[in-house]
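> Model the full assembly from the supplied sequences, consistent with the hints where possible.
There are 2 protein chains.
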Amino acid sequence: MAQTRTGEVVTQIHYARKGQITEEMLCVAKREKLEPELIRDEVAIGRLVIPSNINHKNLEPQGIGDAVTCKINANIGGSSLRSDATEELRKLKLCLSLGADAIMDLSVGPHITEIRRSLLENCPAPLGTVPIYEAIERVERCEDMTADGLLGVIEEQARQGVDFVTVHCGLLKAHVPIATRRLAGIVSRGGSLTATWMLHHDRENPLFDNFDRLLDICRRYDVTLSLGDGLRPGALADASDEAQFAELETLGQLVARCRDAEVQVMVEGPGHVPFDQIAMNMQRERDSCDEAPFYILGPIVTDIAPGYDHITSAIGATMGAFSGAAMLCYVTPREHLGLPTLEDVRQGVVAYKIAAHAADVARRRPGARDRDDALSRARVAFDWDRVFELSLDPQRARMMHDESHVRPEDKKADYCSMCGPKHCAMKLSKAVSESTKRRA
Amino acid sequence: MAQTRTGEVVTQIHYARKGQITEEMLCVAKREKLEPELIRDEVAIGRLVIPSNINHKNLEPQGIGDAVTCKINANIGGSSLRSDATEELRKLKLCLSLGADAIMDLSVGPHITEIRRSLLENCPAPLGTVPIYEAIERVERCEDMTADGLLGVIEEQARQGVDFVTVHCGLLKAHVPIATRRLAGIVSRGGSLTATWMLHHDRENPLFDNFDRLLDICRRYDVTLSLGDGLRPGALADASDEAQFAELETLGQLVARCRDAEVQVMVEGPGHVPFDQIAMNMQRERDSCDEAPFYILGPIVTDIAPGYDHITSAIGATMGAFSGAAMLCYVTPREHLGLPTLEDVRQGVVAYKIAAHAADVARRRPGARDRDDALSRARVAFDWDRVFELSLDPQRARMMHDESHVRPEDKKADYCSMCGPKHCAMKLSKAVSESTKRRA
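Read top to bottom, the protein sequences are chains H and W.
For the first sequence, my numbering assigns the number 1 to the initial residue and increments by one for each residue that follows.
For the second sequence, my numbering assigns the number 1001 to the initial residue and increments by one for each residue that follows.
Incorrect hints may have been included.
As the list claims (entries may be wrong) - From the structure, some residues in chain H lie toward chain W, with a derived Cβ separation under 7 angstroms:
hint: 1; residue: Ile-186
hint: 2; residue: Pro-274
hint: 3; residue: His-401
These aren't lab readings, by the way, just hints derived from the structure by calculation.
Where a beta carbon is used, it is the ideal one built from N, C-alpha and C, also for glycine.
Dropping the structure here:
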């Protein structure tokens, strides 16, 4: 029977180390078609995390790590210029319907708590936040924030049921001058807030200084730490630089402290990275952070395509996942330009489902290609309904096909408007195949 | 002084082998910021082609090969269900404005010649075709086509000024039974037409049998041959299979014959290929085809995303170009579903400009990253106009930004609606940087 979680330490890694299999591990094992014992062992060594706050009641747990399929996260949330729980709920439902495996609520602005409550109630996927956004919202200037204030927010969010939090604990005071030499400086919101605070007070990073208090909260609710990369490169020119790797080394030390405290931990990654440096970046994280699951943002492989950064980053994300990343944080077409609309969210989620799936196929995970083969078989059979059904975005695929085939008899025809009936390769190929078989 | 081209053999490779530098080579050298001698030497050994029909009067030549930046081709053209010269001209102009380096007119249907004439007159980029489409258009059934008929069409198109033609010469009769064992069979339109013809007549591929006559036409007009991959995989399941590589070996033999005849030649590539097999495919082409420029279609890295195949394929194209492909044939979101609209063409061209550029950066071509750095600098300076100007699609980037910033004072503000004024990472980072410098 699976282990229910009660007591002072309720983390998955705590039970795994005792050799116990929790309900959440069972659920992940079933979803991934793997043995529960394997899931438990991977959780025990920290190569797999299952973000699962004991207070997130409707959670359907997801595993994130090397042993399981690649996951994608979708960021939603209001901004100070636009903040509306109904719209964010609409985005959430769209993300889930398109297959997002995790959701982050990055809300800033006036209605943070209500938006998060509403999202949590409707989110069976693990939900993450960046608590410093709420901490900052409660003070006049970011310098007014205190360590107690920030930890208080984290505890409140943990009690509310947040499954994972991004905390920029590894950006140290000593790193800031290195980062100021960059072309684009510090582009992480949490990172720049933390740097501003440290500079103003001439003190060390408050979450680094109070890391044990943070771990204590995580142990009691099983909040998974996502160690943020406050110094992720925000331009190709800054990729793989001293600042980025200095922070990564610190994150590696914090990973060890998390594991000692039986707190689940993953590490966040870049950013903007030229295509040829991505595999190296994945290896470097494995080496520096003892194989903690790597949760990467893109990376974007060129800076020159605002309006299309779901594509620039899906390219990097595929390479990242192929080279070992465990979860991909989506980027929408409106990245760098504005707050994403529903259509942007759709484009972002699908682009990332593509990246994660392409990497699963390329890594030859058992069964990963089955859906590809089934769709291609349906294509050959001109079974359009089945083609749409097996598509990542059935609604969009059907719409595009129907738009191009206005007459009802064309909609289900054994050809499409690309080639027309006379030149349809699929149709000709079928005839060739049948004729070859007759002769054989 | 540059060599003007007259006489029986007018191909770039002919002049290059005599040690002469043509106007076209000069033009390519200038565009690529390379020495004319290098361009000439690369053309001489066939590692670089400059498709440049002597009758394409308004041509601004492009080099395609390992020594120069990666190029992209956009396919346009009417179908038998929709054929309209005005609409195709509109697509052409859009492709050129977004930076397409080459154009293929894949028209089938009633107005092939007029559409091509109109496109050629308005196309400074090299223009290619698939002549079998026109040859088939002239007969009742594809079996009625003759070798003379097909070569006649090629000669007409050569006279008209077509710079390169896709010819499926390497798909032999012996390959067909191998291909019928596949999940998706023969998905190339030209390939399936050729297979149908060979099977019906029980004869060898007419272009393979008449390859010398084809070379003779090419020599007189300098038409570059693009050896089509009639057996490219049309599903992940068929990638890198016996049929694909059997044809590739034949193409390698034909490359040698082209070079003996002083005809410029490139080779076309897959198709649908899992991400992990792409680099191997690029290497295999180099080995089998003696480094002839590889012109690849995608490849698409998953079959499950109809409606988003500009993305599935831009991922593969980036990996392909990084691993050595010289030109990328774009795929639009409507691939597999219908004939692309103007918006689909826009999405396809930009996705491929991203892929080609990301690969140029990753291959560390001199100066490749300059535009990225300039755009990132403009971003840091909140110089939105300059950001848009440097973008691959300035119009779309500006539109997305303006949509998200309705009040005039927000449009040029030193923050955006993603973070709002209070949490803008860029703004905070600037202050951190200034403050750090003051203290130093």
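> Does each hint fit the structure? Answer for all of them.
The hints, checked one at a time:
1. A distance limit of 7 angstroms between C-beta atoms decides the matter here; for Ile-186 (chain H) the minimum to chain W is near 4 angstroms, and the interface restraint holds.
2. The interface hint given for Pro-274 (chain H) holds, since its Cβ lies 5 angstroms from the closest Cβ of chain W, which is under the 7 angstroms cut-off.
3. For the restraint placing His-401 (chain H) at the interface with chain W, the shortest Cβ-Cβ distance is roughly 4 angstroms, inside the 7 angstroms limit, so the hint holds.
In summary, the structure agrees with every hint in the numbered list given earlier.
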